[in-house]
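Using the sequences and the hints given, assemble the complete structure.
Chain by chain, the residues:
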Amino acid sequence: MLELTGLVKRFGSTTALSGLDLRADTGEIVGIAGPNGAGKSTLIHVLAGEVEEDEGTVTLDDRQISYADRPRHVSVVHQELRLFPTLTVLENLLIGSDSNRILRPKASPEIRAVAEEFGLTAVADRPIDACSIVVQQLTEIARAIIHRKRVVLLDEPNSALTADESDRLFQEVQRLKEQGRTIVLLVSHRLADLERYCDRVLVIREGTVATRLKGRAMSTAAIAQAIVGNVLADVEYTIGKPMPHGAASADAAIPDGPGVAPAVDLAPLEGSAANAIEVRDWSDARGAAFAKVDLTVGPGEAVFITGQEDGGGRELIRSIAGLRGCMGTAVVLPGTGNSVSSYLPGSRTSSLFPNLSVRANLCVRLQPNVIAHRGGLLRMDVMTDTASEWVHKLEIKTSSLAAPIGSLSGGTQQKVAIGSAFARNPTVLILEDPTRGVDIKTREQIVSSLRAFVAAGNSILAFSPELDEVYELADKVRVAVRGKLSDAKSIDRSQPLEALAEWVDLMNQEHAAVALT
Amino acid sequence: MKVSGMQSILRAGHDLVARLGVLLGAALVAGLIFQATTGVFFSVGNFASILLFMTSVAIVGYGQTLVIVAGELDLSLGATYGLSAMATGLLWSAWVPLPIAIALGILVGCLAGFVNGLIITKLRVNSFITTLGTMNLYQGITLYVSNNVAISPSPNQGNFDLYEFIGTGHVYGVPVQIFWLIIATAIMWMVLHRTVFGFRIAAIGGNVVAARAAHLPVSRVKVATYVIAGALAAVAGIVDFSLVSSVSPTAGSTMTFAVLAAVIIGGASLSGGRGTIIGTLVGAFLLQVLTNGLGLLGAGAYAQLLFQGGVILVAVAVDRWTSRGRSKVEVAM
Chain Y
126 MLELTGLVKR FGSTTALSGL DLRADTGEIV GIAGPNGAGK STLIHVLAGE VEEDEGTVTL
186 DDRQISYADR PRHVSVVHQE LRLFPTLTVL ENLLIGSDSN RILRPKASPE IRAVAEEFGL
246 TAVADRPIDA CSIVVQQLTE IARAIIHRKR VVLLDEPNSA LTADESDRLF QEVQRLKEQG
306 RTIVLLVSHR LADLERYCDR VLVIREGTVA TRLKGRAMST AAIAQAIVGN VLADVEYTIG
366 KPMPHGAASA DAAIPDGPGV APAVDLAPLE GSAANAIEVR DWSDARGAAF AKVDLTVGPG
426 EAVFITGQED GGGRELIRSI AGLRGCMGTA VVLPGTGNSV SSYLPGSRTS SLFPNLSVRA
486 NLCVRLQPNV IAHRGGLLRM DVMTDTASEW VHKLEIKTSS LAAPIGSLSG GTQQKVAIGS
546 AFARNPTVLI LEDPTRGVDI KTREQIVSSL RAFVAAGNSI LAFSPELDEV YELADKVRVA
606 VRGKLSDAKS IDRSQPLEAL AEWVDLMNQE HAAVALT
Chain V
12 MKVSGMQSIL RAGHDLVARL GVLLGAALVA GLIFQATTGV FFSVGNFASI LLFMTSVAIV
72 GYGQTLVIVA GELDLSLGAT YGLSAMATGL LWSAWVPLPI AIALGILVGC LAGFVNGLII
132 TKLRVNSFIT TLGTMNLYQG ITLYVSNNVA ISPSPNQGNF DLYEFIGTGH VYGVPVQIFW
192 LIIATAIMWM VLHRTVFGFR IAAIGGNVVA ARAAHLPVSR VKVATYVIAG ALAAVAGIVD
252 FSLVSSVSPT AGSTMTFAVL AAVIIGGASL SGGRGTIIGT LVGAFLLQVL TNGLGLLGAG
312 AYAQLLFQGG VILVAVAVDR WTSRGRSKVE VAM
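Here the protein sequences come in this chain order: Y and V.
The first sequence begins at 126 in the numbering used here and counts up by one.
The second sequence begins at 12 in the numbering used here and counts up by one.
The hints are simulated quantities; they were obtained by calculation from the structure and are not laboratory data.
Yeah, the Cβ is synthetic: ideal placement off N, Cα and C, and Gly gets one too.
Please note: incorrect hints may appear among the correct ones.
[What the hints assert, rightly or not] Now the in silico label distances, taken between C-beta atoms and shown as ranges:
| # | chain 1 | residue 1 | chain 2 | residue 2 | range |
| --- | --- | --- | --- | --- | --- |
| 1 | Y | 251 | V | 136 | 54 to 64 Å |
| 2 | V | 148 | Y | 247 | 38 to 48 Å |
| 3 | Y | 184 | V | 49 | 53 to 63 Å |
| 4 | Y | 619 | V | 136 | 53 to 63 Å |
| 5 | Y | 505 | V | 331 | 26 to 36 Å |
| 6 | V | 228 | Y | 423 | 46 to 56 Å |
| 7 | Y | 522 | V | 184 | 27 to 37 Å |
Dropping the structure here:
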């Protein structure tokens, strides 16, 4: 049994954990949810032995585990890759085991079996940095399982996985549970996962466990409510269901509801009927990620590409963002002519600068003629004003503009990333996974600001494998399968999410069949 | 949420001030020890000596700081220092007017930097390997063009007064080095901390992937940092050429290490994205205090090298030890 008592951790003037108590039994899967900045990340760092608590104890099987000892008993699977990029997948699984042998360890049948379960056998000898995010995450998880730690902490483990892979992941997690030797803690923003796989859910707010949910009380609605507190009490918001107050039409901006962030005020585009993006016969220059694609995004439209990680969707939008070589006919390319476009990568490690402050991160994409005088001298007042503006508009919680970006919680960092894309006042946003790894409240704020952006006449082209994200944000969706795009389908928010999921499935099957012929 | 600009700048500067305080404190302690053991450390003449020799290390150090903050490294700066000085000396002794010889010497420095930048960005060779190679290349060129003979200018070459002034002149009783140092510090501080260019250097060094995603001109900025570093090395070489009234074929061989020591003591991170001009200045100062004191004590060149090495290790260890457990508050901008 794992027991945390009275954990306190302060970072300067901020108290991240304020006396947290937690108990988890062997063979249990305990879910941990909570809003941005509630202390979930700090809790993980403390348990993993990455950060030392100021007060409180961590006890495992009635024995107190000191900070230095924790890595021996606790394994953490993070959101972003923390493995060894130059080693192969198999080597990443092996490393750290058999530390008293002189010769390199060979992969035992057991390890190979786990690798097989995760579908890693095919890529076992490939360097892990040449593998997709999917494979990297699966390796992380397989590694935690192979090294048989008593406590396994999953920190948003499936944020970049497809539904199928996510299912497979949780199959493994449940197998862990059945073996009855491990304690599993699952930190997640995905309420559906928490409801489905956890025995109990603990909701953390302001550094301590505020609500404990179990059994029938552990529904997604209840968890959502507990996370946000009373703020959303009279709004039935669950991921996947239509937004309240009848905002079903793609043209209407999300109206203010209780507790929903005010729609961001963005200057509307002067009436333009021209398309924001129009490309024909677009093909990948470097590899064969996509070939002869026709894509059009109109003004005031949000087009989402979805699909599996190997479908070519990500590569396609990166090529339109100008970051990947491509060939074809560009009738209208964003970022050329009068259009200003901003591209935001999917993961924060690729979009934020850890050595820079919040203000600098918000201003880093701005053109020199905006943030500097003619000779190149920076205009700190303009930078401070711009940064203040976006901190206010997106409700970014930070102690000061000069605070290092690393001092902010994950969801807040995502808001800074989005703010930096908005700061250029673009007419086209090119995004990947815009609400990945953020909590409900932040997600709502981001969704509302993106919808307001589109309602003002601007355009979005995005890739997201997450159907609920697509459902909430897109006007049209196309599925990328094996380098080709399906026809577009308009999102109808009066239909449930399941209808969209069925259609996507159908597209996947149809196009996979075509690709094979 | 109200954020005060001034307040936030003060808070961010707090950790830099703390670091500088520690370094200056260490310099003071060392000074006291040297004074106690030799009796002559705290004298006007000795302070002048410290200033004279720290100036070139600081100036080259500013170039190295730019390169390191951009996430790269330049091991060839010592060789560039020597090559540029030798070029100036040779041209001048071949009756090229001194001001032109100086300008050409600086141009040599720029070219040397440009070659580094080109190889690193276009051929994508790792900067350590590249500049290790060019270090040897430039040293070789220096030896070759000088025929392994030092150049000592004779007074009948034109502009001899100007020549003497550059490195040995005095203005209002103070060595002219102080003015070169102040000017260089002011300009490079502006460049790194107050221009768009400097902002981009910090971003690129902090996360080159994000920098590319943000469409920053990564290659162009990196090449520019190398060119500037080469130019600064040339300037330092020429000042020292005047200071010691000659340039030897092996000039600058110990400069690379001293410059790296100064930059690292000053707080720059070898992984990129972090580093300050003032930090490098104070690092150069501390280093020179130690070198100077050891010299007064009669320690040979080997002992001095030993100490410089030790200082770097202590500086890095102290830095790691004081930033354990707290989130790094020093930000690049």
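Here's how the hints hold up against the structure:
{"no.": "1", "hint": "251(Y) x 136(V): 54 to 64 Å", "verdict": "violated (25 Å)"}
{"no.": "2", "hint": "148(V) x 247(Y): 38 to 48 Å", "verdict": "holds (46 Å)"}
{"no.": "3", "hint": "184(Y) x 49(V): 53 to 63 Å", "verdict": "holds (59 Å)"}
{"no.": "4", "hint": "619(Y) x 136(V): 53 to 63 Å", "verdict": "holds (59 Å)"}
{"no.": "5", "hint": "505(Y) x 331(V): 26 to 36 Å", "verdict": "holds (31 Å)"}
{"no.": "6", "hint": "228(V) x 423(Y): 46 to 56 Å", "verdict": "violated (31 Å)"}
{"no.": "7", "hint": "522(Y) x 184(V): 27 to 37 Å", "verdict": "violated (56 Å)"}
In this structure, the hints that do not hold are numbers 1, 6, 7, in rising order.
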